[in-house]
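A.B. asks: Take a look at the letters that make up each chain.
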Amino acid sequence: MLQTALASGPTLAVAGLSKSYDNRRVVGPLDFSLDAGSVTGLLGGNGAGKTTTIGMVMGLIEPTEGSIHVFGCDIARNRYGALGRMNFESPYVDMPHRLTVRQNLRVFGMLYDVDDLDAKIEQLAKDLALGDFLDRQTGRLSTGQKTRVAIAKSLINDPQLLLLDEPTASLDPDTADWVRARLETHRRTHNCAILLASHNMNEVERLCDRVLMLKDGALVDDDSPANLLARYGRDTLEEVFLDIARGRVDGAAA
Amino acid sequence: MNFSFKRVGAMVLRYAYLLRASRTRVLDIIYWPTIQLLTWGFLQTYLVRAGALAAPGGAAQAAGTLIGAILLWDILLRGQQGFCFSFIEEMWSRNLPNILMSPLRPVEFVSALVAMSLIRLVVGVFPVTIMAILFFGFNLWALGIAFAAFFVVLMFFAWSVGLLVSGILLRFGLGAENLVWSLMFFVQPLGAVYYPVTTLPNWLQPFSWMLPPTYVFEGLRGVLIDHVIRWDLLAQGLAIDVFLFAAASAAFGLLLQSARRAGTLLQTGE
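Chain order of the listed sequences is F and Y. Per this note's numbering, residue 268 is the first one in the first sequence, and the count goes up by one each step. Per this note's numbering, residue 37 is the first one in the second sequence, and the count goes up by one each step.
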């Protein structure tokens with residue numbers, strides 16, 4: 268009964284989450300939740316705690332305090348109850364270079380127990396335009412091609428929670444725009460919740476219906492892009508970001 | 037928590053793809069057993085021809101013991117390295133977070149590493165056992181059931197060391213990479229590989245008997261010299277193996293937990 272109730276709740280629920288190293292707090296306390304079909308931006312300067320937060324949600328970093336529930340599963344106790352329905356992409360993580368794109372996707376498809384895997388790979392190849400290099404070694408691809416392969420890997424199991432850590436970093440504007448369109452399509456067709464860490468303010472404005480602003484690990488603001496612009500009296504999210512990063516928060520009338 | 041053979045198969049396939057794509061990796065796993073066999077094999081041939089072992093039948097007996105010990109030592113060493121190399125490939129390719137965030141359970145990951153350790157052994161050491169027959173007239177397979185028992189005891193010890201080293205790599209990163217190559221060599225002088233335990237100083241012998249390989253190499257000499265299979269020795273070796281494998285599994289779990297706490301799992305790379 269409880270499990271049913273939790274499963275119908277938010278896709279991701281974070282409560283009192285914090286991480287400290289050597290008694291120095293680097294993240295938190297954070298409280299937020301993501302509903303199905305929502306896209307939430309995680310913004311902050313370098314070292315603000317975005318990657319650490321995503322690492323904790325993935326279960327790869329153990330929080331010092333607090334809890335994370337994904338699809339109602341407590342990540343600290345039962346992460347395997349949720350891992351099959353989530354996925355992630357990050358430029359800081361790679362895939363085996365000597366395997367071809369098809370071989371990599373096959374391995375990950377099997378890890379996620381994807382049905383009719385050959386058809387799924389063909390579909391991803393079509394959706395993400397991988398066909399020209401599907402049988403080429405992953406290490407021989409360009410940065411843009413590698414990113415598309417990483418996105419394909421992150422979509423191989425049709426995740427309902429997608430964690431993206433700077434998915435368009437080092438992509439040219441055209442390819443980045445193209446990737447954003449694919450992510451938007453996935454969100455719409457799979458009612459997927461997306462947590463997006465990014466430094467690209469245009470990306471955040473375009474994709475996100477909510478923004479979490481981190482500074483020195485702490486959550487300093489949480490609102491829709493439109494409301495943030497209005498409250499800070501700015502025209503772009505970049506200006507809001509700079510206000511927060513540089514401590515010029517007088518405009519935040521709340 | 038369901039064990040999935042499909043996920044284990046996925047990991048085995050992942051490493052098989054890698055081996056197929058990299059001739060240097062295949063060469064590497066064949067190269068060293070071959071070098072070992074030839075170096076030591078020709079050395080003992082020289083000793084026999086030089087009459088250094090003059091007792092009637094003694095030279096041939098000693099030669100067989102030496103070749104057998106070399107082959108079993110290589111099975112032990114390659115078993116551990118095969119386990120660790122597959123693991124470290126994930127760190128070199130910066131793929132570990134992808135793997136650890138997938139539904140693959142640690143026990144499935146370890147099962148895949150064990151499978152790859154066996155596959156690498158078949159590729160690397162099996163041809164060398166045939167070469168031992170052709171070059172030196174020593175047939176390891178003729179040991180029959182004794183060889184099977186030796187193999188089991190050695191493999192469990194190899195996987196225990198592999199688990200421990202992999203856990204250390206998880207926790208401390210590629211800075212601990214040299215353990216993959218070096219740790220097992222610590223066992224060589226202590227494990228009575230090429231000589232009886234009684235050769236060691238008295239104070240060192242109890243430490244030697246703590247190592248499962250000691251029971252195998254003493255057992256090998258029992259078979260080749262006394263023509264007796266020492267099941268008592270093998271049973272003791274296996275009992276220690278079970279304890280060490282359990283301890284290594286616990287250590288791996290603790291080191292994985294420690295790596296999560298220290299946040300090092302996202303910082304692996306080539």
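FYI, nobody ran anything at the bench for these hints, they're computed from the structure. Glycine included, C-beta positions come from ideal geometry on N, C-alpha and C. Hints are supplied without guarantee of correctness; some may be wrong.
Label pairs and their computed distance ranges (CB to CB) [to be verified]:
no., chain 1, residue 1, chain 2, residue 2, range
1, Y, Q293, F, D444, 20 to 30 Å
2, Y, L210, F, N290, 21 to 31 Å
3, Y, R56, F, D302, 42 to 52 Å
A.B. asks: Now, for every hint given, state plainly whether the structure supports it.
C.D. replies: To see whether the hints hold, each was checked on the structure:
Separation of Q293 of chain Y from D444 of chain F is about 42 Å and departs from the stated range, judged on CB atoms against 20 to 30 Å. Checked against the given bound of 21 to 31 Å, the beta carbons of L210 of chain Y and N290 of chain F, roughly 27 Å apart, stay inside it. For the pair R56 of chain Y and D302 of chain F, the beta carbons lie near 45 Å from each other, so the given range of 42 to 52 Å is met.
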